[in-house]
Amino acid sequence: MRQRIASAHGDAQTTDIAASERDRRELLRDGFALGSAALAASSIPLWLSARDAFAAQDSGDAEILQNAINLEQVAVTAYDMALSGGLLSPAALRVARRFRDHEQQHADALTTALTDLGGTPPAPPKGSADVEKIADGLGDAKTQADVVNVLIELEMAGVAAYHDAQAKLVETRLLQTAASIMASEGQHLVVLRRLVGANPVPKAFETGAI
Amino acid sequence: MDIDGFLRDPQSRRRFFQRSGVIAGAAGGPAVLLVACGDSDATPNVLTGPDESDQADVEILNGALDLELQAVAAYKAGAARLRGSMLEFAKTLLEQEQEHADALSAAIRDAGGRPNRAKSSYDFPGLRDQTDVLRFAVTLENTAIAAYIDALPKLSQGELRATAAGIITNEAEHLAVLLDALGSDPAPSAFVTGKAS
Numbered sequence: 001m002r003q004r005i006a007s008a009h010g011d012a013q014t015t016d017i018a019a020s021e022r023d024r025r026e027l028l029r030d031g032f033a034l035g036s037a038a039l040a041a042s043s044i045p046l047w048l049s050a051r052d053a054f055a056a057q058d059s060g061d062a063e064i065l066q067n068a069i070n071l072e073q074v075a076v077t078a079y080d081m082a083l084s085g086g087l088l089s090p091a092a093l094r095v096a097r098r099f100r101d102h103e104q105q106h107a108d109a110l111t112t113a114l115t116d117l118g119g120t121p122p123a124p125p126k127g128s129a130d131v132e133k134i135a136d137g138l139g140d141a142k143t144q145a146d147v148v149n150v151l152i153e154l155e156m157a158g159v160a161a162y163h164d165a166q167a168k169l170v171e172t173r174l175l176q177t178a179a180s181i182m183a184s185e186g187q188h189l190v191v192l193r194r195l196v197g198a199n200p201v202p203k204a205f206e207t208g209a210i
Numbered sequence: 211m212d213i214d215g216f217l218r219d220p221q222s223r224r225r226f227f228q229r230s231g232v233i234a235g236a237a238g239g240p241a242v243l244l245v246a247c248g249d250s251d252a253t254p255n256v257l258t259g260p261d262e263s264d265q266a267d268v269e270i271l272n273g274a275l276d277l278e279l280q281a282v283a284a285y286k287a288g289a290a291r292l293r294g295s296m297l298e299f300a301k302t303l304l305e306q307e308q309e310h311a312d313a314l315s316a317a318i319r320d321a322g323g324r325p326n327r328a329k330s331s332y333d334f335p336g337l338r339d340q341t342d343v344l345r346f347a348v349t350l351e352n353t354a355i356a357a358y359i360d361a362l363p364k365l366s367q368g369e370l371r372a373t374a375a376g377i378i379t380n381e382a383e384h385l386a387v388l389l390d391a392l393g394s395d396p397a398p399s400a401f402v403t404g405k406a407s
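Protein chains in written order, with this note's numbering: chain A, 1 to 210; chain B, 211 to 407.
Chain A with its partners taken away, still in its complex shape (with noise of 0.2 Å):
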């Protein structure tokens, strides 16, 4: 296998996600012959961070469960700022709701998964930096669709956390969990799209790359 970049702690470079979504899409090209979609310029995603802990290399499925569940608790934030942030709508305030609540049921699951393995829970991310920056991005939210817009960012790097995850997942029961969640984001992604007029489904793979 090729290198793959994988910063662990802090931020990468732009430049450096952008090689390790080229890479990657190489990397599937080889093997499955992708279609030719062209690579966006990228901007930097605001779960950088959390992503990229969970995809990074040589990671054992308890510390891919972690960081997936520490994943999921940021996104339980995020839905709760976004709930109480004043920009919803009643359709949108019924829609954050659900899915806050469908954010909650994976980190159960992984939860109940990673404690199976003999692993311990991540600490709640209140106050980390992935939780800062989602503070920012919604703080500068103008309007509900700023509001969703963030959310669509958010659950597009789940989508890809998930993703890549499916390369390091060992084991049977979580390698169908995982795919089973990341289909769940791929939803939300559907009905978040919608909510500020895009195509709910651009792609025929979704795997969370810009």
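Think of the hints as simulated: they come from the structure by calculation, not from any bench. This structure is a prediction, so every number in the text was calculated from the model and none was measured. Treat the hints with care, as some may be off.
[As the list claims (entries may be wrong)] One side only, chain B facing chain A, incomplete, derived with CB under 10 Å:
| # | residue |
| --- | --- |
| 1 | H310 |
| 2 | I355 |
| 3 | A386 |
| 4 | D395 |
| 5 | A397 |
| 6 | T403 |
[Said to hold, decoys possible] Selected chain A positions facing chain B (Cβ under 8 Å, derived; list incomplete):
| # | residue |
| --- | --- |
| 7 | Y162 |
| 8 | S180 |
| 9 | M182 |
| 10 | H188 |
| 11 | V191 |
| 12 | F205 |
[Said to hold, decoys possible] Here chain B is said to cover these stretches of chain A; the calculated rule only asks that three of the stretch's residues, wherever they fall, bring their Cβ under 8 Å from a Cβ of chain B:
| # | region |
| --- | --- |
| 13 | 91-101 |
| 14 | 105-115 |
| 15 | 165-177 |
| 16 | 195-204 |
Glycine included, every Cβ here is placed at the ideal spot set by N, Cα and C.
With chain A held as given, fit chain B onto it using these hints.
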């Protein structure tokens, strides 16, 4: 068989899996997902040589390809009953299923196998109107998701698993749009398993 019968009849669903070469494991709802998913013998095959795991991958990928080709045929057959934005959407779905089929075919060839072809005809239930088509499409998407999730851990290559997961997520997105068009909750469960919830 009418569409209600098709949806109710577990044998019909099962035949899909058998036709695809991907036999579903024990049924289980999403609530017991962690316990119910997967068979213990489904761990990646690390003890056999590359030839054997390639062969196993080819079999799994051809099973998935059968389902994708069937979905392409179904969306073609259903298009005549669709109108306006749903017709446009069905074209997008059809194109995306075809992209999955193309990627699977390429992966099968890369693993030294021969991709299955589409059948000359499929035994679809009667599709009288848009609702029939949408409901049948929901069944097909759920069937595909369940089959892929069952097959996923059996694929020997991490990159193949990742691509399969990208397809599963895309099928889940199709499902969300179809459910929404039927007036149902587009994201009814936190765990998308393709099994009845």
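Min Cβ distance, D395 of chain B to chain A: is it shorter than 10 Å? 8 Å, holds
Quick one, is the Y162 of chain A hint okay against chain B at 8 Å, beta carbons? 7 Å, holds
Does F205 of chain A pass the interface check with chain B, least Cβ-Cβ distance below 8 Å? 4 Å, holds
Can you confirm whether chain B covers the region 165-177 of chain A, using C-beta to C-beta distances below 8 Å and requiring at least three such residues? Answer holds; 10 residues pass the 8 Å Cβ test.
Interface hint for S180 of chain A, Cβ within 8 Å of any Cβ on chain B: 4 Å, holds
Closer than 8 Å between Cβ atoms is the bar; does H188 of chain A clear it against chain B? Give me holds or violated. At 6 Å from the nearest chain B Cβ, H188 of chain A passes the 8 Å test, so the hint holds.
Count the residues of the region 195-204 of chain A with a beta-carbon closer than 8 Å to any beta-carbon of chain B: does the count reach three? Contact hint for the region 195-204 of chain A vs chain B: holds, 4 residues under 8 Å.
Coverage of the region 105-115 of chain A by chain B (three or more Cβ within 8 Å): Per the Cβ count (5), the hint holds.
Against chain A, run the beta carbon of H310 of chain B and see if the smallest gap drops under 10 Å. 6 Å, holds
Can we keep the T403 of chain B interface hint, with Cβ of chain A closer than 10 Å? Where the cut-off is 10 Å and the nearest Cβ of chain A is about 5 Å from T403 of chain B, the hint holds.
When the least beta-carbon distance from I355 of chain B to chain A is tested against 10 Å, hint result: 7 Å, holds
When the nearest CB of chain A is found for A386 of chain B, is that gap smaller than 10 Å? Holds, because the Cβ-Cβ distance from A386 of chain B to chain A comes to roughly 4 Å (cut-off 10 Å).
When the structure is compared with the earlier hints, no violation turns up for any of them.
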